[in-house]
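**Q** Below, each chain spelled out in residue letters.
There are 2 protein chains.
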Amino acid sequence: MSTGRTRLSSWQQLVEHQRALSGRRLRELFEEDPARFKALSRPLGGILLDCSKQLVTADTLRLLAALARECGLESWIRRLFAGERVNATERRAALHIALRSADPVALDGVDVTREVKRVLAEMGRFVRGVHAGRIRGATGRAFTDVVNIGIGGSDLGPRLACEALAPYAKPRPRVHFVSNVDGSAIASLLARLDPASTLVIIASKTFTTAETMANARTARAWLAGRLRGGAAAAGKHLCAVTAAPARAAEFGVSPERVFPMWDWVGGRYSLWSAIGLPIALQTGMPRFAELLSGARGMDEHFRDAPLERNLPALLGLIEVWNVSFRGAASRAVLPYDERLRLLPAYLQQLEMESTGKHATREGGRVDHATSPVVWGSAGTDGQHAYFQMLHQGTQEVPADFIACCRPHHRLRGHHGILLANFFAQTEALALGMNETEAEAAMRQSGMAAAEIRRLLPHRVFPGSRPTTSILLDDLSPRNFGALIALYEHKVFVQSVIWDVNAFDQWGVEFGKTLAGRILPELDGDGPVSGHDGSTNGLINHYKSRR
Amino acid sequence: MSTGRTRLSSWQQLVEHQRALSGRRLRELFEEDPARFKALSRPLGGILLDCSKQLVTADTLRLLAALARECGLESWIRRLFAGERVNATERRAALHIALRSADPVALDGVDVTREVKRVLAEMGRFVRGVHAGRIRGATGRAFTDVVNIGIGGSDLGPRLACEALAPYAKPRPRVHFVSNVDGSAIASLLARLDPASTLVIIASKTFTTAETMANARTARAWLAGRLRGGAAAAGKHLCAVTAAPARAAEFGVSPERVFPMWDWVGGRYSLWSAIGLPIALQTGMPRFAELLSGARGMDEHFRDAPLERNLPALLGLIEVWNVSFRGAASRAVLPYDERLRLLPAYLQQLEMESTGKHATREGGRVDHATSPVVWGSAGTDGQHAYFQMLHQGTQEVPADFIACCRPHHRLRGHHGILLANFFAQTEALALGMNETEAEAAMRQSGMAAAEIRRLLPHRVFPGSRPTTSILLDDLSPRNFGALIALYEHKVFVQSVIWDVNAFDQWGVEFGKTLAGRILPELDGDGPVSGHDGSTNGLINHYKSRR
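Heads up: the protein sequence lines correspond to chains V and X, in order.
The numbering of the first sequence is this note's numbering, which starts it at 1 and goes up by one.
The numbering of the second sequence is this note's numbering, which starts it at 1 and goes up by one.
Since the hints were derived computationally from the structure, they do not count as laboratory data.
No experiment lies behind these values; they were computed from the predicted model shown.
Hints may contain errors.
Chain copies aren't distinguished; within one or between two, either way the pair holds.
BS3-like mimics (lysine-lysine), calculated; alpha carbons at most 30 Å apart, straight line [stated by the list, open to error]: (1) Lys512 - Lys117; (2) Lys512 - Lys543; (3) Lys236 - Lys170; (4) Lys512 - Lys170; (5) Lys38 - Lys543; (6) Lys117 - Lys170; (7) Lys512 - Lys38; (8) Lys117 - Lys38; (9) Lys236 - Lys117; (10) Lys170 - Lys38; (11) Lys236 - Lys38; (12) Lys236 - Lys543.
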């Protein structure tokens, strides 16, 4: 069974178009068309998206839009917003848009935004109570610190948002995150905190996630062991975000401290729900509402704008172009902003978990590449680390460059240097430096002819390496919300073209099952022998050394 | 001009061998050879390297060793250790091994280890003085905090090591790192510190690195503005690591506080030099010496062991196999250890800056792929983020799994879960789950036949995805040093096979030049027009919004 995507006429036209375009250089495209930037960049609210440094022409975008239409993208967008069960393997809707919608969103005839608003109101009461010191710990002290225990979608979104929005933080509580089951993470964090003024959030949809529950048990024991009143006192320091409230209650969380999740929101799309409680505790509910409204603006744009002027569609189709037609194996995400340094990790999950699949929606096998590797780190740090390879390596790596026009700090000089580097890197990657230019530059620096000859091959930059630039006016909650929603919808666009379900993640189950089988073997005496030779050997080595 | 590597007979044999092997599955290889683990794993000191889950056979390794010999690897290793100018474009030696050598290492007939020992003694006096409170700030208070200002090689190595060796930290000083020129990094750090007890290290080989100098000026102004005594008092809180001592003195660093670097050590190979001062300040000189001795053990092994039993050679040749013969575009680095969570970022620089090149040593053009993208993050976090793609994506991504048998914390339960997941993931990636097995698993869980049919395609795992496992006895300074040296030499092996200079980085210069040209334009009035349309447009948008 083949998905048939590669047999679509629009797909075939793109294959031919790519062949025709393959000799073209970005430098020429800019020289030929003085209006290229205007044609290929789009402002929306506080965001400017510039795709003019991608290896595309107006024809490419026309053909990509045709492919999108042939794949039914417009109807899939309608189905997403209409609450249809677009997550077919799990027979679920994917209604992250309902978490920030101003209009009713019906699921099986029931408007889910009423429940969303109820939970937001509940979060608001809790957050205001913590901030005002009305909600306190067992000893009567106000909460100065919050520890969010979760992993994957219950960690990356709120962690990124708390980091990004730190300039909007209330004086207290400080918010901390623990995800890794490696005990050194929670041990070193708890050592710095006072249990009497620490609130612990346990975030797990199922309330059975092995890593999260191990950390939750350790945190509960830490509270119970140090607070007068033991387990009962510890309960006053716990809250939970889960779709399994009974399990949370059994664990010792008071029912009024259990905030719900719903099966129509995937973990990696959930920072807008009660999973965002750490964000609200850090910045207050009005800021959290601004975050939601920023995402809402992007939702409405995605729903209403024609594909040709639709930012998430543009971004998603360009990635399809780079991956499926130009052979890109990865994309670098390069936030020139220290506060967005976790964005690459967040997008790794959002994108690779959503489209890193080989089965089509209907159970066939895709006959094209799906998710590239998403990676990166904050600029300018990357320039001093791996940019060598981006500029002169043998593999072309498309990249997203992201920056803010206005910083939140008042230090002089820094922001200009940061942004000058942002602009310079996209320029250098696009235009490159040919032999003539490299030679002239060396001659100008006074280098001897023999030395120039010797170094010339090492100082040439091929250029024509495609980048997308995203400029935010500033990193406000609203612009940050819009940025994340932009990427959420971009991924959905790719999933439609690539014919995969963006909302399931069967690939994570198998390893969990195997880990559950191995765990008791680690405690047993004597060597294990039930696995392949390597796994047996590694386990037995571990048992001999631990 | 072609490098000719692909025309070597050993290269051609590997191409043919790859074709012959391409249908083989890891599962079969383990079934056919019960001794596979023993044959393809190697212990060395506190490290076990297991390559048996790579898609190689004894023949592959024999052919790779032949390629290495045809490329002159053994002689290149001798030349590296002999202090020859293996960094030919810059006419420099690459003597990071001299930083930890027990034997003399001659450079132009002079033993450089004498100078190394002198600087280590100087570092030792300084570190002991800070720890004992003999070396203090302007107000007479002992230093409680150290801020290391550096970027790239002056940041990633000491930052990783300080994180990895945190369990060995002295009670004070606490060590912090600032690299990004984004002012929000240094602003938020300094806001938490007391200038009276803060020591600032400025680490820059040239003492002109734009980002580092911007942060250094901000730190100096912060000290001078808050300490009675202004600039003179600030000087008592500064030290420097640089090869340009005159510039450091001019900046206001006392000459006795300037620690040298040498042009025969590259930034990304320099954590063993005075660039490691933050490590020594955090853990004390005896631990720093253990770190060096761990690396020394790996050096001696790399120098002396035959290629077939040489760990760095094995690791490097397997990467050559995956990249150049099997088409891998990236490699994931997955430390199952929270303390090694910066290892992927460190290796990104070490590997991509060393081999991300298209020019051969002689100035030809390589006719094969060089550096893959290196990326990753701490396990088990990745399992809840991007492992979906590793298991079921359309692209095969080789991965290094790294863990420690013994943790440094005493929490019960955590380490078993962590390691069970480590073993399980390498097993799942290697063996996969075919239709029969997936169907049986679903049937066993009581699923209806129709549901099984519907879900089956989504629950199949192709497997045969290659991984390397590295188990350390524990994360001691010695084992950590050996691990980093293992990767240093691995990269050298690849550079020899790929015929690129591992020790230059011309690809970072061009962007710097362009940034220097753009910076004054940001201050000017009116729109800029001297760049391509996109760069003009972005700069002008920024100027209108800031």
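**Q** First find the shortest C-alpha distance between Lys236 and Lys543 inside one copy, then the shortest across copies, and answer within, between, both or neither for a cut-off of 30 Å.
**A** neither (39 Å within a copy, 51 Å between copies)
**Q** Evaluate Lys236 and Lys38 at a C-alpha cut-off of 30 Å and name the case that applies: within, between, both or neither.
**A** neither (57 Å within a copy, 53 Å between copies)
**Q** Within a copy, between copies, both or neither: where do Lys38 and Lys543 come within 30 Å Cα-Cα?
**A** between (63 Å within a copy, 17 Å between copies)
**Q** For Lys512 vs Lys117, is the C-alpha pair at or below 30 Å within one copy, between two copies, both, or neither?
**A** neither (35 Å within a copy, 50 Å between copies)
**Q** Checking an output row: Lys170 and Lys38, CA cutoff 30 Å. Within, between, both or neither?
**A** neither (41 Å within a copy, 57 Å between copies)
**Q** How would you label the pair Lys512, Lys38 (within, between, both, or neither) given a Cα cut-off of 30 Å?
**A** Close across copies (27 Å), not inside one copy (49 Å); limit 30 Å.
**Q** Is it within, between, both, or neither for Lys512 and Lys170, if the alpha carbons may be no more than 30 Å apart?
**A** neither (39 Å within a copy, 38 Å between copies)
**Q** Indicate which option fits the pair Lys236, Lys170 if close means a Cα-Cα distance not exceeding 30 Å: within, between, both or neither.
**A** Classified as within; 22 Å inside a copy, 35 Å across copies.
**Q** Could you place Lys236 and Lys117 in one of the four classes (within, between, both, neither) given a Cα distance threshold of 30 Å?
**A** Within one copy only: 25 Å inside a chain, 57 Å across chains, cut-off 30 Å.
**Q** Tell me, please, which holds for Lys117 and Lys170 at an alpha-carbon limit of 30 Å: within, between, both or neither?
**A** within (23 Å within a copy, 50 Å between copies)
**Q** Within a copy, between copies, both or neither: which one fits Lys117 and Lys38 at a CA-CA cutoff of 30 Å?
**A** Result: close neither inside a copy nor across copies, 40 Å intra and 60 Å inter.
**Q** Given identical chains, is Lys512 near Lys543, meaning Cα to Cα at most 30 Å, within a copy, between copies, both, or neither?
**A** within (21 Å within a copy, 51 Å between copies)
Going down the numbered hints, you'll see the structure goes against 1, 4, 8, 10, 11, 12, while the others check out.
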